[in-house]
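Enquirer: Heads up: the protein sequence lines correspond to chains A and B, in order.
Numbering-wise (UniProt numbering), the first sequence opens with residue 1 and increments by one.
Numbering-wise (UniProt numbering), the second sequence opens with residue 1 and increments by one.
Since the hints were made in silico from the structure, they are not lab data.
Mixed in with the good hints there might be a few duds.
[What the hints assert, rightly or not] Cβ-to-Cβ under 7 Å is the rule here; a few derived chain A residues that face chain B:
id: 1; residue: Lys81
id: 2; residue: Leu122
id: 3; residue: Asn161
Note that CB positions come from ideal geometry on N, CA and C, so glycine has one too.
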Amino acid sequence: MSVRCVWIIHLPGTPNKAAKVLFTRKFPTVEKQAKRASGEGYVGVLPDPQMARLLVQEVGFGPAGKKFVAERDSCREILQKPVFKIKTDEGEIWPLVVLQQGELLLCCLPLVEEQTSNDNNLINIPTISQGFALLSSLAEALRVPSQEFATRLTEMPAFLNEAAPFGCVRDTCADTVLAKLTNRPVTLHKTDKQAAWKPLLHRGKSSIYLGITEFIRASQCNQEEMRDAMEVYGSVLCRAELEGVSPDIILNVSHAPDSPSIALDQLTTHPCVLSADSMPLPDNKASAGVPAPRRIRFSPPSENFTLCHYSASHLQELPIFGSYTMKPEDGKLQVSVLLKLSDQIRNTFDYCELQIPLLNGPPVQSVDSSPSQGGVTVSPDRRIVVWNIGQKFPNKTLEVSLTATVYMGDKSKSIAASSPEDQFCVGLNSYCQLYFMVPEFTHTGCHVDPRSVQVSPATKFKLTTGREYKSNDYKIWNSLGEALTVKEK
Amino acid sequence: MTIMAATRRRVADDGRQTLSNIRRNLSKGTVEKLFEDESFVFELLDALYEEEVDVTVKTELLAVLEQYGLDRLEASCAEQVAARLLDVLQEQRGSSDRLRFVVQLMLTLTSLVVTNDMLKTEPCGSLVSHLWEIVGRVNDVPSRRLRGCACQCLRQLETWSPGLLSRYKDRLVQAMREERTHVFQDYATLLSTVLTNLSARGDSTPADSIPADEVVPPLSFLMDNAFLFTPSGLWPVVLSVMELVKTTVHVAPSIFKPLMLQNLTSVDPCMLHIVLYIQKAFQGEILTAEEESQLLQRLTSGVNILTLRPAQRLLILQWIKAYLQQGGAEELQEEETAGSLQRVLHPTVFDSLDIHVDKLNVLTRSYPTDEDHNLGEDIHYLKRLALTTGNDQATVGLYRVLFAAYTHHQTQRVSDAVIKITQDLVVDYPHLIPLILDFLLAIKETLSDSTVYQATLSSLHSQVLSARQAEVLSHFRFYLQVLSASAKQPHIQQQKTIQFLVGLVRYAESSGACDWELGCAVLTVCRNLLLHHCSDYIYYDLGELLFEMQTSFSDCDIRNRARLLYALLAGASDEKLRDVLGSKLLGGVVLSQNITNMLTGSSQNLGKAEVIHMEKTGLEWQRVSLTPVFSSLESPSDLVHSLHVTGRLESYFQHLAYLKAELVYQYTLSLSETSEYEVLSAVSVRLKASTETFTPAPDIHLLSISKLGSKELTLRLVPRVPQPSVIDVQAMFCTEDHSTVSCLLDPVGVTFTDLTLTLPWQELGVDVLQDRHCVFDELWAVLTADSNHARQQGVESVKVVQCATDRIHRALNAFHLPHPSGDEGIVDKYLMFLPPSYHLLLQVVAQSNKQVVSMATDYWQILPCVSNYLNTIDSAT
């Protein structure tokens, strides 16, 4: 029930540099267990430089890593991402759990205690989820500003001694582990036990913060044979500073009276939730009036956490409907965009920006544009045309538009996009992407009803709630070209 | 005091230096070597005693000792190290300001005892006492971390030495019940390990001999307080309880039900995995059918929780695959469950490539076997991505899905889809061929029915044979893999393959591209042909190819290998040939005597033959005729220059782009009576044409020539520009006394008149005389237009020739454009074609006894030749 080894690798910024192991942690007792369990089939862990090189190759990082390699990409190889294997002269090192966060590759090798030679069933290996959770917590712990990164890296040995002594994973919440390392004094309750996930107790004024962040993704094609795709999903974040060992909170996730009411499909909850109305919504209830509130009862940890996730698949209308045309003509592009805000959406934005990525081909030399509002600029790398729309659509029309001529630069400076989806954008195939955020609003109308929040044992507390509605991957495809879509079932 | 300060500083520096040395070796991967020296270990331990050495340095030294040094210690050394570490622990365990150091010390000491099999030694006993003393301080808040660590250390010792702590069981139960800090989890985990080992004690102990009151109360207490555990911390407790459930009769699997039901909605990876693991172990004993269906529904919808990390969504997909594989597949037989799964798992446009491919893999397996489902819709996204970009990742994903689809649904529709997609991809992206061949091989190895393998490979084979040679040559690394694979198929006829390869080798030679890599690729195909096909059917063609390779390639490795295969083909039976060329000889095994005997010529390497240059050899050749030959190309020629034209000329130039013009010279080669040689053999004639003027012409080879007769040779020249030139010709041959001789023959003169050809009107799509005049007029206008912006496209000139009209007409008759009406006009038009794609237009107006010749051309360099030519007409009058 342990991990054999953990690596934190820095991925190379350029193709001719090698990956560098920033941190390794081996567990000799686990390695001894691995030898005993595997017998003659034991394969030892490689030295760090070799391990890093082979891992980066196996994960397929960088331009060279994206090419077909039969040993890794063959149809005969069983794909089990994020679990990988490395082939060495002595045999295979498997299962390697890998997580990438920015320029870091985090990897661990869970111990497999009993396994028949052909059994790759990942359910049968408990340490897979432990290893994954451990890597997630390391990633979370290392998510600090760059000037603090080196310091945080030096704390990794202590972090792992607390989170996984002897490689036995016991706590994978980064905030909790860091809190335990401080060893701050607490006042024990007479009878109640402290949860392992709540090592420190709050002293002082009580407060609860509940925030909903809702996202919308969309892919608009404006073509008859292809349907537009859209997804709305969100999460409820909570921070509860309440005195006591294990206070209970009850609240309702319901729909605000002044907003559209789109039923939530189901809730997926944090382990601290004791009970919840989380069942999937029957199809016949999806459009039946105002959806019923969903009640949640939970005992919160000390740190910020995500109380629940939700999705809403019964969205009928996009928040911003757009049409986009782009036509190349003799070294320039004629661009036209029209955006219309739905009247169901609150007309106040923290930001609203349209980006036209031109990642294949020559850089942008200049742009002649006439937006109906806002301003147009070019990104510093000359690859993206940016239209900063502003914080509000015109009240009367709720429409904004842009026509522009984009002059392209020297063809000899053309580059090819790195991702396959962006490589698809050649010729007339093109998209623009909308980035916006609406404060104090959700498209589903979902909110935490402040009147429903109850704490037990009863205490006075300051309640703060908030909502925000953001776009994430909101594409409008060029109606003159082909769109990259899936065919709906 | 100064000396003491200096000493303290030196000691501190020593510690840091040791650490620097360790870090350096860590980055190189050689740190284990440091511990091969025992004194290094003790040097490290000495640093632990020194107050001057910073505590963070000590902590790091202990960590390095734990990870890299412990398994390199000799037994006696290990005991000493353990004793010293216990001393330090005794000294330091009360230090509340050195928690990290003490924690690391406990971990290192425990690891030392475990890895060096010291569990039955005195140091282990001392360690247990120390640890138990720490553990015994229940509810002591300042020592929480130490107590938690001590519990983990004891748990390690108990795991490796089951029963070690059995005497502490009751105290442990009490400690667990009383502990109110978060360290409760560590006490609980330790207790569960002790209880599990107790129940598994010895084979002779019956499973039900453990009294119920020893097991049930603590287990119930643990499960009742499961909510207090972290998800990852719950795992060892769950596993211990599962073991107890299996090995005793006092605890039923239903003890897990509250935990499972409460966490059905959890998205935490450990909690979700725990529920799946328990369900798998006790299928049908805990959850009802409806609850299990709920679990599957939660599992599948977990894939679409977009706020999760993509890696976690992928992990959930792996669990779905595993769940369906292990027996959940029966559920898929229920239409409702399958339908629900298909709705949830259908990829969306927002899924990353990895998630998209994995979803499709699961989806494909969810359809009833061998039933047609709409594969085209499912793979639409991947197909568009692969066909538009040729991206390796996208294509790998696409073929993985096709592989899953075909292995589960071997229907005609899937087979057709595979072939069509493969054909489309190879046309534009030959670099994907290795990936496609891997897919085909995987199909062949996985399924006994290899229909799609053969059909697809045959299709690829045909596609390669119909590709242009230039295209194949530029991507030979990929295209020849197809021929190599198809050469292994006895059912695919190979004569065309070999002919194609002959053409390819010749083309490569003319382009100067006969390198080692190409040679290896071609020889690989040849080898496969010999191994898998009866030599009777391929004997002559393959022999020609191998001979061609011996002469075209300058690399001696290729020539030798070609020679070997040639010798085997000519001299060995098919069985012997396959025996020799079979896989046992791959990898460069030294050839045996028998094989070398098959090779013609001496095996002694005497060095290169000397080439004798001679002025006169008696070899003569004479030009017989010149015939221009026009043919159509499959794709536009790169020799064509184009003008900026509009209207009718656009069509004309489009046709011109596909026109190939060759000058075919017939020569006779003979050996004069005065020659000292009777017979010459292996005669090669090489034209040393400038590559700027002509495309490389292939050498001409003759087996032999004698005084008795002459040989007719055909020279094919393809001009790059219509420039009259003189081409040197060299001949090389072998004489009767086995000398190799070279000499120069009379050069080939390509004159102006050779280069002026009648325009092939029909090939250029201009049949009607009227249209020909239109072409002439429009071309004249383009060539003589005075453009200020663009480059002038032609040159105009005028010359007066002193001769009669019929004289000039006779000279230029072949190029004359008759008047449409049949009457003679004032202006006579003449249009000459200058290969590869240039024009010379003349308009002749008679003025008394003079001819005013206006000329326009798009190749101004020819004008001096035109002037000279017209002068000859003039002077001939």
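Enquirer: Would you pick out the hints that fail for this structure and give their numbers low to high?
Expert: none
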